[in-house]
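Undergrad: If you read the protein sequences in the order shown, they are chains A and B. Quick note on my numbering: the first sequence kicks off at 1159 and runs consecutively. Quick note on my numbering: the second sequence kicks off at 1159 and runs consecutively.
Check each hint, because a few of them may be wrong.
It does not matter which identical chain is used: a pair holds within one copy or between any two.
Within a straight-line C-alpha distance of at most 27 Å, the following computed DSSO-like cross-link-like pairs (lysine-lysine) qualify [as the list claims (entries may be wrong)]: (1) Lys-1433 / Lys-1510; (2) Lys-1433 / Lys-1500; (3) Lys-1562 / Lys-1160; (4) Lys-1221 / Lys-1273; (5) Lys-1225 / Lys-1247; (6) Lys-1510 / Lys-1558; (7) Lys-1225 / Lys-1308.
If you are wondering where the hints come from, they were derived from the structure by calculation, not from laboratory data. Predicted model, so just to flag it, every value in this text is computed and none were measured.
Number of protein chains: 2
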Amino acid sequence: MKLDLSSIIALGLDGLSYDSLKSHEEKIIPSIKLFNERGQGFTSLPKLKAPVLAVKEMAHNLKGKFKDVVILGIGGSALGINCLRDSLKGPYWNINGSPRVFVLDNLDMVDEVEKIIDLDETLFLVISKSGRTPETMGEFFYFKEKVSAKNFLFITDPTDGVLRKLSKEMRIATLDIPKNVGGRFSVLTAVGLLPAALMGIDIENLLDGADSMLASFQSEEFDLNFPFQIATIQYLLDWRHGISMNVMMPYSTRLQTFADWYSQLLAESIGKDGKGLTPIRALGVTDQHSQIQLYNEGPNDKLIMFIEVEEGSETSMPSIDVPDLSYLSNVSFHRLMNLEKKATEQALSEYKKANLTIKIPRIDEYELGKLFMLFESSIAFLGEYYSIDAFNQPGVELGKTLTKKLLSQSK
Amino acid sequence: MKLDLSSIIALGLDGLSYDSLKSHEEKIIPSIKLFNERGQGFTSLPKLKAPVLAVKEMAHNLKGKFKDVVILGIGGSALGINCLRDSLKGPYWNINGSPRVFVLDNLDMVDEVEKIIDLDETLFLVISKSGRTPETMGEFFYFKEKVSAKNFLFITDPTDGVLRKLSKEMRIATLDIPKNVGGRFSVLTAVGLLPAALMGIDIENLLDGADSMLASFQSEEFDLNFPFQIATIQYLLDWRHGISMNVMMPYSTRLQTFADWYSQLLAESIGKDGKGLTPIRALGVTDQHSQIQLYNEGPNDKLIMFIEVEEGSETSMPSIDVPDLSYLSNVSFHRLMNLEKKATEQALSEYKKANLTIKIPRIDEYELGKLFMLFESSIAFLGEYYSIDAFNQPGVELGKTLTKKLLSQSK
């Protein structure tokens, strides 16, 4: 992985010269110390062996028993699974893969998914740390009326909550979400690892990739600390220049759901106390034909974070004997994609718009593990820059309370 | 359809009282006059009979001949088709529908889609007004080497461009995109209508719905003119309060790709001359577990536009005998969805965040046609509020030029 800041440094924005950026490196160690005091566990996940063994054993026992897997989960219990499936197995896994993995992360999907699955041949993976998530639990009770206990598997708190209690009563196999890992940081727990293992994804490589990023996260040197570089740029653009929209724009269809995963991570972690960075999901080259007009010529309020995949397929266009299009002759689709990325980057720079690029050699377990940990650990620094608790989400409680009130009023 | 502005009016924002909003209605007629002078054709589409006949005849001739349809198109030649398929046929059409409709709107999708289709049984629908779109045309020349001319159908300019020329040379059946309709306004031309007809969608109802919205668009009265109400609020929030992010948040998975379609429409139309509104795609209830923390407690920089579907399935949760969850007993998923929407709206209002709601009775052809025209015609008013040409996209040219330059340099 490489992190290319040359475009943003070349803009000459106040406070964002290389030397200015580097001068913040003295904050790395104190920030990590403050982060450690918060008692968050996601940085310890890559080195834990027991959960990996438990997941592998469970996946082994389940192998061949079910045609489909339906995830009953929402938010952090859904977004990482979509990302693992699409990034590593491609956007058409549910058309030609096995087991298909459907993520039932909206209430109106119950009817839709029931039309296309055979209930008896489906494993329902119920994921909720508290066991109180109304959407997930409502779906669980619905399907519990229709299939037997052997079609369920729970992933929940190791000791507490409704699902843990039900798992004992109903004798349902259950995996743990560590108490010190929040939903949006849970992709490297059983939440992401079990569905991944069921699809044949190498979860040890995934964790090894994440682990290798921790060395970068702990480095005292600006140049080596990618999570700190990203957080510093995000913060300074917002604080000094009012640039508060962060566009995550992979040039890869497989990474489209990575942008969805990141959007929750950034929005819920930093969006509080009247502060916040707004994540925007984009996709190259596709959104060049949708959003780039705005990014280029619109207000200067966005940081565009590209992800570029260096290696790719050799599938190429043929020789083209048409005047306006002969320039495409014998160019591979992958090369055109990356040249369009470079052109988009240059155009943004000419329009004086901030952008940076994360380059990964390929999309595989190891690189995806790195990407997850890159952005999770950058949140640790962002939280300290903004002096907020990046690991709670108090602003979702009011909606929950009001839903209950409306339900009781309308009964 | 109802447009509910009560939440935003109740906020008491300067310039956004009901009377202040209504006072702008004198701008309706002059704005429509200016819009008409721009010579855009999308408002005339619902009443044109010939293109509908041509599409229906073509769809009739193609019926049963192909297992799959692959769209070679990007931006305005892709987003409307995804929306028509998902909104009216559900998110799993490509798993259990026929013909499946794959929208190949990114360069790295060529390899992916080739793994799951039988080339000989696939209709390739090549959509580009100019015939110069590099992604679409590169894909066309690639597949042209692999399948015969009878597997192709073009949708392009009525007289000019590369595809029109090739259609004659190769004798490929071709439908028109009217010269005065731009890509992001083309969903109600053959671009959207032919794929819709192939999936069994009633395109006449779709157009009738759009037509019925034109009466609202042309009304001189603020209360009756929904497109003007939306544009006025978007503009005033930006101009007077610096609220420039517009979140499109349907409470319906089927309408998720409607938000994608709208994102292009808003971004490319208004994002120019340093001005612009940034579209953000969200989905209720799903993104309550991802973005609502930010919308509630983050900076006051967003207008949230909900779409609520009033009628829905009766599928319900059973009686639930668990202390923390018994409040969900016997509630239908649809009712819970709409109560959560109402709770989210109330919570946003308590946090003083601007929001409005478009209520539609159900998702069908007629209502979707209305939604398309509601937002397309609101752009006509927005363009005049911002004093810009909402129908060009000059800011995408630089990237195209740079791509060609990079390609020629690297050869």
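Undergrad: Against the structure, test the hints numbered earlier, and report the numbers of the ones violated in rising order.
TA: none
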